[in-house]
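Asks: The residues making up each chain are set out below.
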Amino acid sequence: MQPEDQTLDQVVFELEIQIKNADGLHMRPAMQFVDLASKFESEIVVSNDQTSVDGKSIMQMSMLAATCGTKLKVRAEGPDAKEAIDALRELVEVKKFDEPAPGEKK
Amino acid sequence: MKLYARNVGPCPHRDDFTGESGMKLADFVCFEATVSELQAADRDAVIAELVGALHKAGRLGKNDKDKVKRAIIRRENEASTGMGKAVAVPHVKHDAVSRPVAVVGLSRRGIDFKALDKQPVYSVILLISPTDNPENHLKAMECMFGHLLNEKFRSFLRQAATSAEVEDLLREADENPSL
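Residue numbers (the working numbering), protein chains in the order written: chain A, 1 to 106; chain B, 107 to 285.
Chain A on its own, in the form it takes in the complex (with noise of 0.2 Å):
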């Protein structure tokens, strides 16, 4: 993960994170999504083959309907770009938005 672009308090960090957990993104994730995505000053723009949505909607982001093994890419701009992308990471791949992966019991 590299920055793209340095300026004093514009940083863009842009990364690929797959959609690890069972029922993929549904609602409920799209909106833990959203509250992670929501404390960071920087905007979070989320786009899979066909479009780009605001990381801070939870209607443009439930309409990704990302599937488990999905993988989207999260762009982040602005001041805190690379901590709103570790922490988006982390909820997704590495929490699994608390919900389990295929094969695991609920």
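Derived by calculation from the structure, the hints in this document are not laboratory data. Any given hint could be a false lead.
To be verified - Subject to a maximum C-alpha distance of 20 Å in a straight line, what follows is the list of computed DMTMM-like cross-link-like pairs (lysine to aspartate or glutamate):
#1 A:K20 to B:E248
#2 A:K96 to B:E155
#3 B:K162 to B:D172
#4 A:K82 to A:E43
#5 B:K162 to B:D150
#6 B:K220 to B:E278
#7 B:K199 to A:E99
#8 A:K105 to B:D223
#9 A:K73 to A:E104
#10 B:K191 to A:E41
#11 B:K220 to A:E41
#12 A:K56 to A:E104
#13 B:K191 to B:D218
#14 B:K199 to A:E104
#15 A:K39 to B:D218
#16 B:K191 to A:D54
#17 A:K39 to A:E104
#18 A:K105 to A:E93
#19 A:K20 to B:D238
#20 A:K96 to B:D274
Chain B: place on chain A using the hints.
Replies: Below, chain B without anything else, positioned relative to chain A:
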């Protein structure tokens, strides 16, 4: 083999949702169950009214009706599905259905859904998805939110006066997503 025997209602439905273009509203919204003027004044009663409409349309068994209602209210208590802009999308995954089924309800007085923006809700789309197919649930959500993001769609939906107008709007949105 999949059993679809519980879906005895008149709503026409495609047998699969594997089309390239994704799911359409008409694939899972039960138009016969639309409630164009909700009588209920609070959230739980609205959920009961809409689940009751699905039961009346033949989409839910009598025994499942109360279970589904309770499950949706439980889900709603965990986190509100009133995501702002006067819209709520209460939903649950339940064995009572073998494919996603949704019903539209419109309130003239506005309902307190504990929405994120703390504003009353005028348009409700209630969705029930099977427990064993997270992909189809996500496709139905993708379809709903895709349209709900469109301000014109939200505005037309809220202003629809009859069930027929709701059906016309949803079918038109399927054909022309930008309206």
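Asks: Give a verdict on every hint.
Replies: Against the structure, the hints:
1. A:K20 to B:E248: 19 Å, holds
2. A:K96 to B:E155: 35 Å, violated
3. B:K162 to B:D172: Distance ~13 Å between K162 (chain B) and D172 (chain B) Cα, so the pair holds.
4. A:K82 to A:E43: OK: K82 (chain A) and E43 (chain A) at ~12 Å, within 20 Å.
5. B:K162 to B:D150: 18 Å, holds
6. B:K220 to B:E278: 31 Å, violated
7. B:K199 to A:E99: 15 Å, holds
8. A:K105 to B:D223: 35 Å, violated
9. A:K73 to A:E104: 26 Å, violated
10. B:K191 to A:E41: Not satisfied, since the Cα-Cα distance of roughly 23 Å exceeds 20 Å.
11. B:K220 to A:E41: 26 Å, violated
12. A:K56 to A:E104: Violated, at roughly 29 Å.
13. B:K191 to B:D218: 13 Å, holds
14. B:K199 to A:E104: OK: K199 (chain B) and E104 (chain A) at ~18 Å, within 20 Å.
15. A:K39 to B:D218: The given pair, whose Cα atoms are some 26 Å apart, is violated under the 20 Å limit.
16. B:K191 to A:D54: 16 Å, holds
17. A:K39 to A:E104: 30 Å, violated
18. A:K105 to A:E93: 18 Å, holds
19. A:K20 to B:D238: Cα-Cα ~17 Å, so holds.
20. A:K96 to B:D274: Distance ~40 Å between K96 (chain A) and D274 (chain B) Cα, so the pair is violated.
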